[in-house]
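Peer 1: Residues per chain are reported as follows:
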Amino acid sequence: MTAAGIAAALPDATETPPARPQVTVLLRTIAVKVASAFFVLWGAVTVTFIVLSALPGDRATIVLNVQSGQTTVRTATEIAAVNSQYGWDKPVIVQYFSYVWSVLRGDLGTSWELRRPVSAIIAEQFGPTITLTLSALVLAWLISVPWTLLTAGRAGRTKTFGSTVETVTAGLPQYWLGIILLIVFAVTLGWFPVIGGTDFSGTVLPAFTLAIPLAGFIGQATRTEFDRAIRQPFVLSARTRGMSETGVRVRHVLRHALIPGITLSGWALGSLLSGAVLVESVFARPGLGAILVKAVSDKDFELVMGIVILISAVYVVVNLLIDVIYAIVDPRLGDTQ
Amino acid sequence: MNYRIKATVPATLTLAAVTLAGTALLAACSSSTATEAGTDKSQTITYVHEQEPPCLWGAWVQQAYLSRQVFDSLISWDNDKPVPWLATSWKTSADRKNVTFTLKEGVQFTDGTPLNADAVVRNVENWVKNLSWNRFSYLTGATAESANTVTLHLSEPNPEILRILSNGHYGIQSPTALDKNSTARNCQYPVGSGPWTVKKWTQGQEILFQRNDKYNSAPANAKHSGPAYAKYLEWKFAPDATTRWSALTTGQAQVIYNPPSNQWANAQKNYQVYNYITGGRQQVFSFNVAQGPFTDIKVRQAFVHAVDRKQIVKAVFKGSAPFDGNGTLSPTNPFYLNVNDAYPYDPAKAAQLLDEAGWKTGADGIRSKDGKQLVIRLPYGAGPIISQDGTAALQAVQQQVAKVGFKLQLIPLTLTQLFAGQSQAPDQEDLGFGYWVWPAPNILDIVYNAGTTAEPNGNNTTHFNNPEVQARITAAQREADPVRRAQRYKELQQYFTDQAIAIGFYDFTNNVVAAKGLKGFWQDQGSNGLPVFSDVELSGAK
Chain Z
757 MTAAGIAAAL
767 PDATETPPAR
777 PQVTVLLRTI
787 AVKVASAFFV
797 LWGAVTVTFI
807 VLSALPGDRA
817 TIVLNVQSGQ
827 TTVRTATEIA
837 AVNSQYGWDK
847 PVIVQYFSYV
857 WSVLRGDLGT
867 SWELRRPVSA
877 IIAEQFGPTI
887 TLTLSALVLA
897 WLISVPWTLL
907 TAGRAGRTKT
917 FGSTVETVTA
927 GLPQYWLGII
937 LLIVFAVTLG
947 WFPVIGGTDF
957 SGTVLPAFTL
967 AIPLAGFIGQ
977 ATRTEFDRAI
987 RQPFVLSART
997 RGMSETGVRV
1007 RHVLRHALIP
1017 GITLSGWALG
1027 SLLSGAVLVE
1037 SVFARPGLGA
1047 ILVKAVSDKD
1057 FELVMGIVIL
1067 ISAVYVVVNL
1077 LIDVIYAIVD
1087 PRLGDTQ
Chain G
4 MNYRIKATVP
14 ATLTLAAVTL
24 AGTALLAACS
34 SSTATEAGTD
44 KSQTITYVHE
54 QEPPCLWGAW
64 VQQAYLSRQV
74 FDSLISWDND
84 KPVPWLATSW
94 KTSADRKNVT
104 FTLKEGVQFT
114 DGTPLNADAV
124 VRNVENWVKN
134 LSWNRFSYLT
144 GATAESANTV
154 TLHLSEPNPE
164 ILRILSNGHY
174 GIQSPTALDK
184 NSTARNCQYP
194 VGSGPWTVKK
204 WTQGQEILFQ
214 RNDKYNSAPA
224 NAKHSGPAYA
234 KYLEWKFAPD
244 ATTRWSALTT
254 GQAQVIYNPP
264 SNQWANAQKN
274 YQVYNYITGG
284 RQQVFSFNVA
294 QGPFTDIKVR
304 QAFVHAVDRK
314 QIVKAVFKGS
324 APFDGNGTLS
334 PTNPFYLNVN
344 DAYPYDPAKA
354 AQLLDEAGWK
364 TGADGIRSKD
374 GKQLVIRLPY
384 GAGPIISQDG
394 TAALQAVQQQ
404 VAKVGFKLQL
414 IPLTLTQLFA
424 GQSQAPDQED
434 LGFGYWVWPA
444 PNILDIVYNA
454 GTTAEPNGNN
464 TTHFNNPEVQ
474 ARITAAQREA
484 DPVRRAQRYK
494 ELQQYFTDQA
504 IAIGFYDFTN
514 NVVAAKGLKG
524 FWQDQGSNGL
534 PVFSDVELSG
544 AK
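So the protein sequences, as listed, match chains Z and G.
The first sequence runs 757 to 1093 under our numbering.
The second sequence runs 4 to 545 under our numbering.
Calculated directly from the structure, the hints in this document are not laboratory data.
What you are looking at is a predicted structure, and each value in this text was computed from that prediction instead of being measured.
You may find that some hints are simply not true.
To be verified - Selected chain Z positions facing chain G (Cβ under 8 angstroms, derived; list incomplete): (1) Leu-820; (2) Gly-825; (3) Thr-827.
Idealized CB from N, CA, C, for every residue including glycine.
Whenever a hint applies, use it, and build me the whole structure from the sequences.
Peer 2: Dropping the structure here:
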């Protein structure tokens, strides 16, 4: 996936002929990107492992209590048996290296709680999560771009109104919003099922729940830039050339205003994944969010790290894509890379 | 370059329009005849449960809910007596430590393996190994006597063994599946002889059960024998109570678990409600009698007198969970003693007891003695153990005891802390709060047995340690005469109430709401009130 991202970035690199032979530059760029991607993944795994190990709470006691539905203090004999069964009696550093070694061989291990291979759990839950987060992201853009075009850089009231709506929506708690949407559109109007599953009709309300506050955030970011850009000389010059107001806004100003919003989208992906937990709970929807929270609280190392690796990989790819999008939106950025 | 942007924006707007149109279209056709799982609605029971366990069977009560659908047990419990299920008859030996069961003939697991004595022996091994609290049943193993008679061995006489075996945790699985299938497979798709088989488990969403068309082993207290009436059972998981309730009111589900308690009155009026009080002991206060202020009986009694328990339960739970003053045994268990009138709400009495105990009121309203304030630490498991309503009830307690000079600190534990057994050591917790589901009166042995110094009993949250009383508990359990046994157990409950070692607050209930007109739903009577769907007829449901 990383390589594909690089390939997409290439046309921009070719527009300005570099001093050195192209192939060398290309190989070096790929090598640097791949190496930094691996570094990010390794860092994520290591930090997660350290944090999980440092978190208070004895793993063997958790296993015993979770498997029996109890919350009691366990005896040394019981704890020793569990530790030896899972190999947790070995030093933490040994556990760390053996984990990293098995990941390098492509084995993400087995979740002690779900008793299934981590890769199988992720494969099953990734679809619903990515569908939800991506549709929320797209929806957020679909809501915020027209809103910015309509209200930003206008005279007093319209501008204030537009920005107030954004501030309010950005602050809406997802849990509350989800319940309201559920009650209005599923219970009162009956347009959608209350518990929807992962198909289209089940994804609409959860996606809106995540998208509305995010649209507020993206709107705020683009609006500031929009207001700045619309006062620039090039806008005045476009107007003097006789370009229509809409033309100016869409072709010239919006392009400048998009950059902060795009940057924010990379961050938003992480925020959507964490917001997904609450939304999954309200709409009874499967996904990685709920699984991750449960895995962290149960100190299910293998499952947590598997999900962390996946999310980190998604981040790496998304940030590569964002680099590419920057270059498309603002060719100057492409040139300097 | 300009071209790209030009093309993008109108495309974006078009896409938005398409999305909106799609939404409207969807609104028009939402009244479909298929369930989310793609099965025919007229043949599918949709039930919405709360928590999703990691495995279909095991030692957690959430697993018993599911195992009950797929496995049959040896016997079923019918209010006050055992009735035949996979076993047609049973006999206890003279020393009361062996129970011999004769098995129903012609029963097959859904993988074709026949049910016989060897299959039961294999399952007993499985329980002893995997049900971590099995030792409290005193069941140690089994021997096949003939092809279809099997003897279960106990380490102690246990007249309640039949009650325990009728409970969903002791369902019988196919020995072939246990031995040949992977752990993961047995977890998600175990094989039993019950009314349903697992067709598909979508983690985080639902389990779709399919009817076992060859089912011929319903318990004697079922409403009909033979296969289930409905073809599918769609078992959804929704952690949020409002979501579950909405699924019922919109008709998406016919049956739901625990509605929000503010809808309980509405549910009673417009739906069928089932309210099963679990066995064991209820949501009770366990006073730390080993360390801290509660080592003094007067302080314990003052605490209870300071709280209007009946009124709080009524106000918070609105009838969905009743008040129960017994801190030792549930009303569902045999030999339950009603002590609801002990320690009535009496703040004046509470203040007097604290005065007598030497706790003097300070300037800030908090009492103190020998320079130490009357601070009570109550770590509690918010979420899986104590519901939102339970937390509200504890906050009401906090306000009431403050009036007589207690400073009650409610310390919510994270799930990690809770399951890691933290804050339960005698020097970290002055007051415990929680329940224990168990079908037999030997719950006293589970919660009051001190264990040994090297291996203390983690279930003993009061840290009670009195060899003389422990001997009385053991004697009550071993007593052969039923009348004297009941007497001994009642005396013990009176003792723990009088001494204010554990005091009850509200009952732990399994509440189920079903659509009006839905016929045939019932709750298993073992100790958990597990829902039974094989007798449900969908035709009348509104």
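Peer 1: The structure should be examined with respect to each hint, and the outcome stated for every one.
Peer 2: Okay, the hints, checked on the actual structure:
Interface restraint check for Leu-820(Z): the shortest CB-CB distance to chain G comes to about 6 angstroms, inside 8 angstroms, so the restraint holds. With 8 angstroms as the threshold, the beta carbon of Gly-825(Z) comes within range of chain G, its nearest partner Cβ sitting at about 3 angstroms, so the hint holds. Interface hint at Thr-827(Z): satisfied, since its Cβ lies 5 angstroms from the closest Cβ of chain G, which is below the 8 angstroms cut-off.
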